[in-house]
Amino acid sequence: MAAGATYEPIATASGTGSSTTITFASIPQTYTDLVIIAANIDIQIDDMGARLNQDSGSNYSRTRIVGDSSGANSYRNSNLSKVYFGYKDNTAGTQTYGILNLMNYSNSTTYKTGIARYVTHSSGYGIMAEVYLWRSTAAITRIDIDSGNANFSTNCKFTLYGIAAA
Amino acid sequence: MPILGTVASQFSSKPFNSFESIATYTVGGGGAANIEFTSIPSTFKHLQIRGIGNVPAGATSLTVQFNSDTTNANYFYHELYGSGSGAAVALAKSGGQPLYLQYWGGLPSTSNIYGAGIIDILDYTDTNKYKTVRSLGGYDANGSGYIMFDSGLWMDTSAITSIKLAPSPNSFAQYSSFALYGIKGV
Chain U
1 MAAGATYEPI ATASGTGSST TITFASIPQT YTDLVIIAAN IDIQIDDMGA
51 RLNQDSGSNY SRTRIVGDSS GANSYRNSNL SKVYFGYKDN TAGTQTYGIL
101 NLMNYSNSTT YKTGIARYVT HSSGYGIMAE VYLWRSTAAI TRIDIDSGNA
151 NFSTNCKFTL YGIAAA
Chain D
1 MPILGTVASQ FSSKPFNSFE SIATYTVGGG GAANIEFTSI PSTFKHLQIR
51 GIGNVPAGAT SLTVQFNSDT TNANYFYHEL YGSGSGAAVA LAKSGGQPLY
101 LQYWGGLPST SNIYGAGIID ILDYTDTNKY KTVRSLGGYD ANGSGYIMFD
151 SGLWMDTSAI TSIKLAPSPN SFAQYSSFAL YGIKGV
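So the sequence lines, in the order shown, correspond to chains U and D.
For the first sequence, this note's numbering begins at 1 and goes up steadily by one.
For the second sequence, this note's numbering begins at 1 and goes up steadily by one.
If we take Cβ atoms under 8 Å as the criterion, some of the chain D residues that face chain U in the derived model are:
(1) N17
(2) S21
(3) A23
(4) L80
(5) G138
(6) F149
(7) S177
Listed next, the in silico EDC-like pairs over lysine to aspartate or glutamate satisfying Cα-Cα at most 20 Å (straight line):
(8) D:K93 <-> D:D156
(9) U:K88 <-> U:D68
(10) D:K45 <-> D:D156
(11) D:K93 <-> D:D69
(12) D:K184 <-> U:E8
(13) D:K45 <-> U:E8
Ranges of calculated distance between the beta carbons of each label pair, as one might list FRET restraints:
(14) D:A87 <-> U:S81: 24 to 30 Å
(15) D:G95 <-> U:G17: 56 to 62 Å
(16) D:T127 <-> U:P28: 37 to 43 Å
(17) U:P28 <-> D:Q97: 38 to 44 Å
(18) D:A33 <-> U:T141: 30 to 36 Å
(19) U:N73 <-> D:F76: 22 to 28 Å
(20) U:N155 <-> D:S18: 25 to 31 Å
(21) D:S18 <-> U:N73: 33 to 39 Å
The hints are simulated quantities; they were obtained by calculation from the structure and are not laboratory data.
Even for Gly, the Cβ is constructed at its ideal location relative to N, Cα and C.
With the hints as extra help, turn the sequences into a complete structure.
What follows is the structure, given as structure tokens:
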């Protein structure tokens, strides 16, 4: 019944110290879901996020829960310009980690939705989970991750995985 | 794969083989009252269900049922959810509810907007303990939405061989799609 191994690494990328953007382009359409893991984000970010197919319009939104020093709260942001999956990181020696799940990314029928989780250990910040929406039916072929602030350092690691359903 | 402005490389080999696709269901034009994975092989350590769903008309929660067990008293859950404003809310099953893991109430029924969910079913073949589930999902509709983090319990020691997903009430809309994966262990 099982159709074989999946959850395959497609590509990996590191920061260069001279760019605020990481790009995964020409993404194969042979998977069902994509997962991006962002690790060791040790720079000053300001709502790190992903633009899909170079769409910088106000076509993104999210509903989220946040746990931080002020308790557990929920927020909504409409008409955003990217999918957020990183928090602020203000404290030297701390890192942000983020996981972005892009569900059914290659279909051309539904708006694209997915789930993100991220964490930072900076004072005053904490953990977050969100459901996002990109109001486009286009298959996702390119993802640009932007720090929202400083250049990604060489410590910043990004891995793109593909998960294929049977 | 070209990567712009970064140090990057495409993987030339596929080093991982512990996550396998088992089965997928995508709902056709007539909708579907439920989706059921049957004859689940016992050769994995954990299971994961990943999917998107839209349910036309009205408030709807996603119910999960194992091995065709319809006795609601055998299921329990706790949930932390957010509705987009105010404090996050924690709750537990009340009354005779089934196992609810997602809530898609208020999702626009005629749009292209779908909810998303990832459900992990842990140690599903272990006949020495009750089965535990965790789930993260919800939907956003650019002005409305929910996000939910759930734990679930099926108070039965049987190995799980079938899983039924069903909206309650209503049915899955066309293009709703759920995939079952197996995760190997040692």
